[in-house]
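Undergrad: Here's the letter readout for the chains.
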Amino acid sequence: MGPIRKPAGTAAETPSATVEAVWRIESARLIATLSRLTGDVGLAEDMAQDALVAALEGWPRTGVPDNPSAWLITTARNRGIDRIRRDKVLREKYEKVASEMELSGPEPGPEQVAFDEDRIGDDVLTLIFTACHPELSAESQVALTLKTLAGLSTEEIARAFLVSKATISQRIVRAKRTLAESEIRFEPPAPEEMGERLGTVLGVVYLIFNEGYSATAGEDWMRTELSAEALRLGRILAGLAPAEPEAHGLVALMEIQASRFPARIGPDGEPVLLMDQDRARWDRLLIRRGLERLELAGELGGSGPYFLQASIAACHARASAPEQTDWDQIVGFYDALLALRDTPVARLNRAVAVSMAGDPGRALAIVDDLAGDRRMEGYHLLPSVRGDLLEKLGRGEEAAAEFARAASLTGNEQERKVLEGRALRASKGFSS
Amino acid sequence: MRCMVIVKATEDSENGVMPSEKDLSEMGVRLDYEGDEVKVIDGPFAETKELIAGYWIWEVKNIEEAIEWAKRVPFNHGESTEIRPFIEPDEFGEELTPELRERGAALEAKIAEQRND
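Heads up: the protein sequence lines correspond to chains S and D, in order.
Using our numbering, you'd call the opening residue of the first sequence number 1 and step up by one each time.
Using our numbering, you'd call the opening residue of the second sequence number 1001 and step up by one each time.
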């Protein structure tokens, strides 16, 4: 961040940076309101983009309007009306549906349209549910959510996921087409499907967080900006659905995990594992917020998978040194998690906790059971954990072979180096 | 980035439910650091603008975003706020030795422990 230019008597701001900041704050509300007015998220997003382009072109000349959000929504609406009038197919469609967009009559003057403060929360929540609609593929859900709710540009999303801009554009176009073709209306889920739909939304947010938390490809071990966006989305969601313990559970989980970011990367960019991290580097502010949020989730009757994962993360956050970790409690939370959803990854994690609680032999038996599970094929953490257990049991040669196998399976360059190092040390009989 | 948004005291903020300026001044204590010496100075202090009525800590993408949010604060009686980027331990770089870092963390842990009692 450079120094801020301060012309005499004016606020310290440059128009394009201000457009960007206003966009970041207002775009979700803008697209949500336009979606309600048009009943069409795809069209609403196009209209909002038109207004963004107009702001980027206009504000540097005219200065930032007094009420930038009202300016954006009025401009978007007027350009939308132009679009509908010009396009025959759109026009016919809008003449059929009882739309709240008035197509005839005078256009509202500048900054005359405002957000409906009573409805805006519901509109944004509906937008989240629509962007994460189960009809859409996971990739499309992620792209549409980042585009419409986080206010990221196609280019920013592409950079974050290390794919081309065209790929992301395509996912968004496909998502909009699916919404249109399946005639998915812009409306909140029915009460009876609320639980499942909320689960999908939370899944999308956590997927975004994890992509930043443990980059699956490329040279960077973490892309924290993506995690920060997920955290912001999670907080918005929990604010809009304050009675949902799992929404708070997910935010708590992300806050506690994010608190370790400063400690997760060594001086040469290599990953530092949880037990080796310098806990003085953990972000205390995030831990405190995460623990408070977890308590709230508990008071709301939290017992779901995010609540349990956050409870496990909290056990680590509360331990000021690795040896103070309450591993028995962690094993208990994994048992509860497995009772909800028995996945091989959760079993593997439980095995690690069992080993840390003092029983690497029993842990190895759990891991060996998993080795035959086809879902674990090609999953580098299985041989990595197995190597760790074998090393603890003094079986260095076997451990080295497992670490080498794990190294060959990971797609992350930094992680591969760490695993190769462990293989070398295990074969020489040094335990790490 | 994190920033601290400082809300400056005004005559108004000292009226109503808030403590009066006099109370606030008299409650106030300032610490000045010079070499090994720490000077503790009791209020009252010269001007209300130098007093802080309250503060927030915000997590934002950049200073521009903080400015935009600050514009949305519903103040309209001559209040003023000030935005200061938050300096995080890691920004001190090598100056913050592991020993100092350790001491800071130990202090924070102790404070947290006493809060939980």
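Just so you know, the hints here were simulated from the structure itself, not pulled from any lab data.
Misleading hints may appear alongside valid ones.
Cβ-to-Cβ under 10 Å is the rule here; a few derived chain D residues that face chain S [said to hold, decoys possible]: (1) E1064; (2) A1105; (3) A1112.
Heads up, simulated SDA-like pairs for lysine to any residue below, C-alpha to C-alpha not over 20 Å straight-line [to be verified]: (4) D:K1061 x S:I236; (5) D:K1071 x S:V64; (6) D:K1061 x S:E117; (7) D:K1110 x S:T154; (8) D:K1110 x S:A70; (9) D:K1061 x S:L296; (10) D:K1071 x S:T154; (11) D:K1110 x S:L285; (12) D:K1110 x S:A280; (13) D:K1071 x S:A319; (14) D:K1061 x S:A280; (15) D:K1061 x S:T154; (16) D:K1071 x S:K176; (17) D:K1061 x S:G266; (18) D:K1071 x S:R29; (19) D:K1110 x S:F129; (20) D:K1061 x S:A319; (21) D:K1110 x S:T325; (22) S:K176 x S:E211; (23) D:K1061 x S:S16; (24) D:K1071 x S:R24; (25) D:K1110 x S:Q324.
Note that beta-carbon positions come from the ideal geometry of N, C-alpha and C, so glycine has one too.
Undergrad: If a hint holds in the structure, say so; if it does not, say that too.
TA: Results for each hint:
1. E1064: Holds - the Cβ of D:E1064 comes within 10 Å of chain S, reaching about 4 Å at its closest.
2. A1105: holds, 4 Å
3. A1112: holds, 7 Å
4. D:K1061 x S:I236: holds, 16 Å
5. D:K1071 x S:V64: Measuring from Cα to Cα gives roughly 12 Å; hence the hint holds.
6. D:K1061 x S:E117: Distance of about 25 Å is beyond 20 Å: violated.
7. D:K1110 x S:T154: Roughly 46 Å separates the two Cα atoms, so the pair is violated.
8. D:K1110 x S:A70: Cα-Cα ~48 Å, so violated.
9. D:K1061 x S:L296: violated, 27 Å
10. D:K1071 x S:T154: Roughly 28 Å separates the two Cα atoms, so the pair is violated.
11. D:K1110 x S:L285: Within the cut-off at roughly 15 Å; holds.
12. D:K1110 x S:A280: Holds, because 13 Å separates the two Cα atoms, which is no more than 20 Å.
13. D:K1071 x S:A319: Distance ~40 Å between D:K1071 and S:A319 Cα, so the pair is violated.
14. D:K1061 x S:A280: violated, 24 Å
15. D:K1061 x S:T154: Roughly 18 Å between the alpha carbons, so the hint for D:K1061 and S:T154 holds.
16. D:K1071 x S:K176: violated, 34 Å
17. D:K1061 x S:G266: violated, 24 Å
18. D:K1071 x S:R29: holds, 17 Å
19. D:K1110 x S:F129: violated, 43 Å
20. D:K1061 x S:A319: The given pair, whose Cα atoms are some 30 Å apart, is violated under the 20 Å limit.
21. D:K1110 x S:T325: Roughly 18 Å separates the two Cα atoms, so the pair holds.
22. S:K176 x S:E211: Not OK: S:K176 and S:E211 at ~23 Å, beyond 20 Å, violated.
23. D:K1061 x S:S16: holds, 15 Å
24. D:K1071 x S:R24: holds, 14 Å
25. D:K1110 x S:Q324: Roughly 16 Å between the alpha carbons, so the hint for D:K1110 and S:Q324 holds.
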